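There are 2 protein chains.
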Amino acid sequence: MMNKQHTYLINGGTDDAVSALDRGLSYGDGVFRTFQVVDCVPVNWPIQYQKLVADCGAIGIVCPSAELLMADFQVLFTIDETAVAKVIITRGIGERGYAPPAVTTPTRIVLKSPMPVYAETNFSEGVSLYVCKTPVAHQPMLAGIKHLNRLENVLARAESLDPVYVDGLMLDVDGHVIECTSANFFIRIGKRLITPDVTQAGVAGVTRQRIVDLAHYLQLTAEIGHIRLSDVLSADEVIICNSLYGAWQVRRIGDTHWPAGSLAHDLRELLKV
Amino acid sequence: MMNKQHTYLINGGTDDAVSALDRGLSYGDGVFRTFQVVDCVPVNWPIQYQKLVADCGAIGIVCPSAELLMADFQVLFTIDETAVAKVIITRGIGERGYAPPAVTTPTRIVLKSPMPVYAETNFSEGVSLYVCKTPVAHQPMLAGIKHLNRLENVLARAESLDPVYVDGLMLDVDGHVIECTSANFFIRIGKRLITPDVTQAGVAGVTRQRIVDLAHYLQLTAEIGHIRLSDVLSADEVIICNSLYGAWQVRRIGDTHWPAGSLAHDLRELLKV
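From first to last, the protein sequence lines stand for chains A and B. With positions in the first sequence counted from 1, the corresponding number in this note's numbering is that position plus 99. With positions in the second sequence counted from 1, the corresponding number in this note's numbering is that position plus 99.
Same shape as in the complex, but just chain A:
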């Protein structure tokens, strides 16, 4: 198994498979996270684990212990290696029917995959986005959570597979910009660094939160607010971020172009802290 490009552990074992009765499959009844692992240790692990626990708790799943997950990382990853971990926690196996069983044992899946090979120009020059037609639905009970109900993201990402675009920009049903399919989103207007409110729709990513926390080191005031596409197109700089590539500058959306800026580079440096 360790020779395959993707390797994984299910509940700590290499022999188990996912049950056809797992509620993660039946209903998307679970959560996940994706992050880098360097020398067997997840980058920003305390924050990633805290968010995993919070997301599990929001839908009533008791997250497996950090020790169990760390033991999985020790088995799957090796020293002197930088790779990607995806952790999926589902509510576990259940009979037919939406009601969660009285007693469930969460299913814990840790998948390892190689770091994506990003074009160097994404970092040095910036990237282009398309604007998705698929909206992000408003669901205050699930907003912010990185849960397994991601069909919106699948449909939105499938709208353009043209490699000129690294991702698609998703708006909510009211026309507010929320996020990209695999990234959070910031705009800079002067000294203000604004990221969309995700209390009605979207994912509250760890890198987004870290940028909000750290922005003051760049003499920027981080804000969470409602952003329309017109606000984006008139912003001084536009940034997308996630746990794998850090931050990239958006240089083009549709017919709107931005000159090269320094913010994405500065944020990537800051995220190394």
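Read the hints as simulated data drawn from the structure, not as lab findings. The structure displayed is predicted, hence computed values, not measured ones. Hints are not guaranteed to be accurate.
Pairs involving identical chains hold if they fit within one copy or between any two copies, as the list cannot separate such chains.
Unchecked claim - The calculated lysine-lysine pairs, modelled on BS3-like cross-linking and capped at a C-alpha distance of 30 Å, are: (1) LYS232 / LYS371; (2) LYS371 / LYS290; (3) LYS232 / LYS245; (4) LYS185 / LYS245; (5) LYS185 / LYS290; (6) LYS185 / LYS371.
Since the structure of chain A is already known, use the hints to place chain B on it.
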């Protein structure tokens, strides 16, 4: 395996398991249906299969052939038996990332479970519902489809496990009544039989469609419309329906009670056609 209460086939085989890389698990990237199987034959199979194909097509999955699925039913079910089939079709196995792979082989899962044991009074006297706090989100790209993104239903059903209630009534974010967590919904006002519009949210169930098609035999005019909770509470009769129990009269929601009516019985008879 055939001795267990739940039995299943994955891609026609009993040995396979679900891959940890299946997009049904990763993203809820798939659809499902639940229906009765009598003497190895699914009830209303042409309509159920047509809806399965339509739902697959709506998210870009090519549905396995009816012959393959029928062969699965022949293996899993036996003559002189009435049981429940759940069919899950996912987009198949994929690498990490939302974009659908260029080539995928859908995963086909058929699960068999016993018919639920419903209280006889649900049929003879009717049922009670609670009103869910969890709203149904508006997502026009996914509305109507019975897809695997069902966390809303899980949270809504978990709001009350008091056995006095058979299900919970779900409203959309605008306050329109949409459905129950496991049933579609009708109200009768005089000779009008109205079911909620599901073009923005909800599932367009097969039994709902059959009732719309057949209502004229009961001298009722079927309509699809926007229904508020106040419309429900002042209706002459309230009905919930699904493929397993047919139709039940709702006798109580909150403090509102309805006298016994004959519509649910008449609909169940009609659905036998």
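Among all the numbered hints in the text so far, which are the ones the structure does not match? Hint check: 1 and 5 fail, others pass.
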